[in-house]
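If you're matching them up, the sequences are chains A and B in order. The opening position of the first sequence corresponds to residue 1 in my numbering, with each subsequent residue numbered one higher. The opening position of the second sequence corresponds to residue 321 in my numbering, with each subsequent residue numbered one higher.
Bear in mind the hints are in silico, worked out from the structure with no lab data behind them. Predicted model, so just to flag it, every value in this text is computed and none were measured. All C-beta atoms in this analysis are idealised placements derived from N, C-alpha and C, irrespective of residue type, glycine included. Do not rely on the hints blindly, as some may be mistaken.
[As the list claims (entries may be wrong)] Listing some non-contacts, in silico: residues in chain B with all C-beta distances to chain A over 10 Å: (1) Val324; (2) Ala369; (3) Ile510; (4) Ser527.
[Stated by the list, open to error] Chain B is faced by these chain A residues, among others (derived, beta-carbon under 10 Å): (5) Ala109; (6) Ala110; (7) Gln120; (8) Val242; (9) Trp280; (10) Leu288.
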Amino acid sequence: MLKILNNSVAFAVGVIVVGFVVFAYSASVNKVTDFVIFCIYVLGFDVLYGHMGRISFGHTLYLGAGAYGAAMCAKYLVPDPFLAMAMGIAAGAFLGLIIGPIAVKTKGAAFALINVAFNQIGYFIVLVALARYTGGEDGVSLTFNSYGFVNFGNIHFLFAFCLTCLVAVYYMMHRLYGSAFGIMLLGIKENETRVRFLGYNTSAYKWVAFIISTSVSAFAGSLFVINYGFANPGFMDPARNVEVIFAALIGGPGTELGAVVGGTAYMVISNYLAKYIARWEMFLGAALLIIAFGFRKGIMGYVRELVEKRIKANAMAAEK
Amino acid sequence: MFEVIAYGLTIGGILYIVSIGFSLTFGSMRIVNFAHGLVYAVGAYALFALLPVAKGNFVIAAILAILASLPVSYVIEKFVIRRLYGKSIDYAIIASYAVLLIGVDLIKWIWGASPVPISDPVGTSVSFFALEIPLYRLIIIGLSFLIFISLSIFFKKSIIGKIVVAGLADREAVLSLGIDIDKYFAIVFILGSALASLGGILYGPISTIHPYMGFRIVTLCFAVVIVGGMGNLRGTAIASYTLGMVMAVTAWYWGAAADAMIFVVMAVVLIFRPIEL
Numbered sequence: 001m002l003k004i005l006n007n008s009v010a011f012a013v014g015v016i017v018v019g020f021v022v023f024a025y026s027a028s029v030n031k032v033t034d035f036v037i038f039c040i041y042v043l044g045f046d047v048l049y050g051h052m053g054r055i056s057f058g059h060t061l062y063l064g065a066g067a068y069g070a071a072m073c074a075k076y077l078v079p080d081p082f083l084a085m086a087m088g089i090a091a092g093a094f095l096g097l098i099i100g101p102i103a104v105k106t107k108g109a110a111f112a113l114i115n116v117a118f119n120q121i122g123y124f125i126v127l128v129a130l131a132r133y134t135g136g137e138d139g140v141s142l143t144f145n146s147y148g149f150v151n152f153g154n155i156h157f158l159f160a161f162c163l164t165c166l167v168a169v170y171y172m173m174h175r176l177y178g179s180a181f182g183i184m185l186l187g188i189k190e191n192e193t194r195v196r197f198l199g200y201n202t203s204a205y206k207w208v209a210f211i212i213s214t215s216v217s218a219f220a221g222s223l224f225v226i227n228y229g230f231a232n233p234g235f236m237d238p239a240r241n242v243e244v245i246f247a248a249l250i251g252g253p254g255t256e257l258g259a260v261v262g263g264t265a266y267m268v269i270s271n272y273l274a275k276y277i278a279r280w281e282m283f284l285g286a287a288l289l290i291i292a293f294g295f296r297k298g299i300m301g302y303v304r305e306l307v308e309k310r311i312k313a314n315a316m317a318a319e320k
Numbered sequence: 321m322f323e324v325i326a327y328g329l330t331i332g333g334i335l336y337i338v339s340i341g342f343s344l345t346f347g348s349m350r351i352v353n354f355a356h357g358l359v360y361a362v363g364a365y366a367l368f369a370l371l372p373v374a375k376g377n378f379v380i381a382a383i384l385a386i387l388a389s390l391p392v393s394y395v396i397e398k399f400v401i402r403r404l405y406g407k408s409i410d411y412a413i414i415a416s417y418a419v420l421l422i423g424v425d426l427i428k429w430i431w432g433a434s435p436v437p438i439s440d441p442v443g444t445s446v447s448f449f450a451l452e453i454p455l456y457r458l459i460i461i462g463l464s465f466l467i468f469i470s471l472s473i474f475f476k477k478s479i480i481g482k483i484v485v486a487g488l489a490d491r492e493a494v495l496s497l498g499i500d501i502d503k504y505f506a507i508v509f510i511l512g513s514a515l516a517s518l519g520g521i522l523y524g525p526i527s528t529i530h531p532y533m534g535f536r537i538v539t540l541c542f543a544v545v546i547v548g549g550m551g552n553l554r555g556t557a558i559a560s561y562t563l564g565m566v567m568a569v570t571a572w573y574w575g576a577a578a579d580a581m582i583f584v585v586m587a588v589v590l591i592f593r594p595i596e597l
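Pulled out of the complex, with its shape left as it was, chain A reads as follows:
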């Protein structure tokens, strides 16, 4: 029984779906839709951090790219939600494609800040350079087509759709990390020199992982736009990077469920507790300090440790 709890993706998906549905219909469907989308974003971020050991301090660039890709498509091409999503993902993948080769040359601190630098450029582009099209600081408001029951204006449909997307991305990540590619990423995280020594072209693998991460984050961005019905530079604000870093760290980096738990935890704190916390940034900073000093495995890391301990204890008891 415990083994199933530990390893089964079906069980995890069940927990996610039941958890979010119960949460949504006991609290607020609108808000929980937000939480679900944010979890997709954290999953995208964690490809780089949890699995490749590269922490990006500029990931809102890719979220914002998805948001603006979707918004520009809806505003200037056709307001079709699915095309908008595709355009959002394409925008994120394109950024990953061109920024990837530069960014993955680096690691540690340099990787973190290179993403910030590109984030600053992107923020400038949407806020000032292309303000004629993006609406500058005010952003653009949008409406999307609906086809019969496929109506993104209906919050229940939207919620179900986003939850399906989360499950799909979750499953995709699960398969990815179980594959040879995922193990390669872990190898790069542990010791890149040795992986290269084995004859693998690590740069190519890192580049692909980077593109996956940016595309998934951009997908989350396009879903946000469909959910809110507007896009503004806030989606790309470099000052908001702390959100996703905090979420990934508190949930437990390197586990898919950890990303979902962390994303939900962050959104719950920021939506329900923020009004009781007078100094928001100070709270986030203090929490990050605590995580850095003594809570490194995150919530899921500790849960997993606990479950594994129980499995071991049971196995020992069975041997006797």
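Dock chain B against chain A, hints included.
Here is chain B on its own, set in the frame of chain A:
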């Protein structure tokens, strides 16, 4: 055009003064010290708070502000960066980022979120070919050159400087000579922080000071370090003045694009730079 060059040298000079400490920590420990930006902001705000205390005397207020910001950097180095450095570089970066967040919020708490102006302490301008350039900016340019020259002498002639330069090149070799390299790095860390604080103080009267100025300077310093090379002291100087000029020229044509242009230059340098960071 002359005005643009003077502005570029001013910005470049301030960038140099702030970047030198950042470059040294980056070169020696491979971590981005976000808290460096906090010291820069604290210097500027300490100046703002101490100006009335010093009865408007800028030099005295500046010296007091530097002294006031030194404990900040010492505490950050001793209790956050040092303690995490040996264990995980990632967590050291995250922790220094957390310190910056806390510091920025403290500044907002004490002085408010809106920008604060500091008036030009000199006030007079110098005329060059029918162009007026504030004397204060010329002083900054002179000061930055002075700091550049004295740091060059410091790293070439003094024993502390020599040990640090050697440690940047090959840490283990210096350790094997029985030299406690960390002690010397700590000394230059404090020196670098004092310079960061001075940079904040000098920048205040040129523009306005605001709580998020620390975030901005960290990314700019990073661009300087990427262009100039980590722990490369002469490269840092050249990169600072070059990027200062880039900023000034961009700002001449399109003010809002100045910061973004720096990062474009940085990206171009990264594309053509073969080394891995």
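Here is what the structure says about each hint:
At roughly 21 Å, the least C-beta separation between B/Val324 and chain A is larger than 10 Å, which holds for a residue marked as non-interface. Distance check on B/Ala369: its Cβ is at least 20 Å (rounded) from any Cβ of chain A, clearing the 10 Å threshold; non-interface status holds. With a least beta-carbon separation of about 21 Å from chain A, B/Ile510 lies farther than 10 Å from that chain, consistent with its non-interface assignment. Against chain A, the non-interface label of B/Ser527 holds: every CB pair exceeds 10 Å, the least being about 17 Å.
At about 4 Å, the closest approach between the beta carbon of A/Ala109 and any beta carbon in chain B falls short of 10 Å, and the interface hint on this residue holds. Evaluation of the A/Ala110 hint against chain B yields a held restraint, the C-beta minimum of about 4 Å falling below 10 Å. The restraint placing A/Gln120 at the interface with chain B holds, with a minimum CB-CB distance near 6 Å, inside the 10 Å limit. This hint holds: A/Val242 has a C-beta 6 Å from the nearest C-beta of chain B, less than the 10 Å allowed.
The closest approach between the C-beta of A/Trp280 and any C-beta of chain B is roughly 8 Å, which is under the 10 Å cut-off, so the hint is satisfied. Here the hint on A/Leu288 is kept, as its CB sits about 4 Å from the closest CB of chain B, short of 10 Å.
When each numbered hint is compared with the structure, no violation occurs for any of them.
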